[in-house]
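Colleague: Chains as they are written, first to last, in the working numbering: chain A, -13 to 122; chain B, -13 to 122; chain C, -13 to 122.
These are computed hints drawn from the structure, not numbers from a lab.
Warning: the hint list may mix true and false statements.
Since copy identity is lost for identical chains, a pair holds within one copy or between any two.
Straight-line alpha carbon distances no greater than 20 angstroms define the calculated SDA-like cross-link-like pairs of lysine to any residue that follow [unchecked claim]:
1. Lys50 to Ile68
2. Lys64 to Ser47
3. Lys0 to Gly109
4. Lys50 to Lys64
5. Lys21 to Glu10
6. Lys(-8) to Thr116
The lines below spell out each chain.
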Amino acid sequence: MNITVKKLQIRTKKSVELINITPEINEIIYNLKVKNGFVLIYTKHTTTALIINENEDRLLSDIKETLLRIVPKGAGYKHDQIDNNAHSHIIASLIGNSLCIPIINGSMDLGTWQSILFIELDGPRTRTITVQTYSE
Amino acid sequence: MNITVKKLQIRTKKSVELINITPEINEIIYNLKVKNGFVLIYTKHTTTALIINENEDRLLSDIKETLLRIVPKGAGYKHDQIDNNAHSHIIASLIGNSLCIPIINGSMDLGTWQSILFIELDGPRTRTITVQTYSE
Amino acid sequence: MNITVKKLQIRTKKSVELINITPEINEIIYNLKVKNGFVLIYTKHTTTALIINENEDRLLSDIKETLLRIVPKGAGYKHDQIDNNAHSHIIASLIGNSLCIPIINGSMDLGTWQSILFIELDGPRTRTITVQTYSE
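This is chain A alone, in the form it adopts within the complex (with noise of 0.2 angstroms):
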């Protein structure tokens, strides 16, 4: 088997946003001309996500809305008086921080409407991001 690791930094602009690292992925896997195996894509933070889905502006709006809906800010949250952002934390922990993808042939093996989304919860922040293949 054959390991590889890379590690990806990410400069976010704004507290809540969802970024396409699609072209990243994709960049590593080429370049390390990976056939057949998996990608495990890993988060290494506690307010921040990673999903796999359409890359369309005005979804990107509605998930980021509807999470907050979901767990708003500032909602009487204990862990609030330590820091102010215990909704981000809750909706990360609902979310999860890691993907593993298949590789096929070179490529993710990616549905058409599909592209990895990295979500910032409490930006903007620098992020790091730990991308491994497996493979055989």
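Please build the complex by placing chains B and C on the supplied structure of chain A, with the hints as guidance.
Modeller: Structure of chains B and C alone, referenced to chain A:
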């Protein structure tokens, strides 16, 4: 390391529906004679999801109704101006589109009440699931 | 490829509870001398879940209360006619029952504030978690 890949096609029948795909995944693992490792199950769509839970009819109905209560259809989403399924995308993002399940001694390490459930959120459609196994 | 598997047993004490299992997972990886690869942590139950977030008491309380606000106990679920825990199953489905974490240079690649948290949703019970490692 031994990697295998299979494509599973599902024809869904309703707009929102939970479908038990455990038998199909069991059959793939059995036929491939995978002994120890894991299976990565990955749906290639942005309006479907995968969970592991109990395959009990009343519970499946509760899960469906709760998802649509938390993220209702047509609740003023901007993406609905393009395609009337923003809620499907948002629910799919919340739940996730892949599962990793250990395989031990030739079988998935599912607990007594665990089944693999495919969630259609914008059907009926024909859907494709990628099933990769990794073993020694 | 080297695959190992361990079973971790946890005795939970409350109906809903978040428990930090990072020390137990660290110990498994340390004892196995896994150098580079990943760990797959998998809970075998339909009323438990796993997240990675900050192990801070007030935040854990906020997460618990928010989950029960989004999916309240006894809110007219059909499954409650069989077993009074539909909300536990639904929350478990929303969050997910497994984690994949990179291992780099002998340690999990957890960020500064990241802990592995087991979520009991229908306790107290004895719970089993499967811990598999994959390395070169």
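Colleague: Next step is simple, just say for each hint if it's right about the structure.
Modeller: Hint-by-hint comparison with the structure:
1. In this homomeric assembly, Lys50 and Ile68 come within 20 angstroms of each other (Cα to Cα) only across copies, at 18 angstroms, whereas the closest approach inside a single copy is 24 angstroms.
2. For the homomeric pair Lys64 and Ser47, the shortest alpha-carbon distance between copies (8 angstroms) is at most 20 angstroms, but the shortest distance inside one copy (28 angstroms) is not.
3. Only within a single protomer do Lys0 and Gly109 lie at most 20 angstroms apart by alpha-carbon distance; the minimum there is 5 angstroms, versus 35 angstroms between protomers.
4. Taking the closest pair of Cα atoms, Lys50 and Lys64 come within 20 angstroms of each other only across two copies (12 angstroms); inside a single copy the shortest separation is 23 angstroms, beyond that limit.
5. Within a single copy, Lys21 and Glu10 get their C-alpha atoms as close as 17 angstroms, which meets the 20 angstroms cut-off; across copies the closest is 26 angstroms, which misses it.
6. For a Cα distance limit of 20 angstroms, the shortest separation of Lys(-8) from Thr116 inside one copy, 6 angstroms, qualifies, whereas the shortest one across copies, 25 angstroms, does not.
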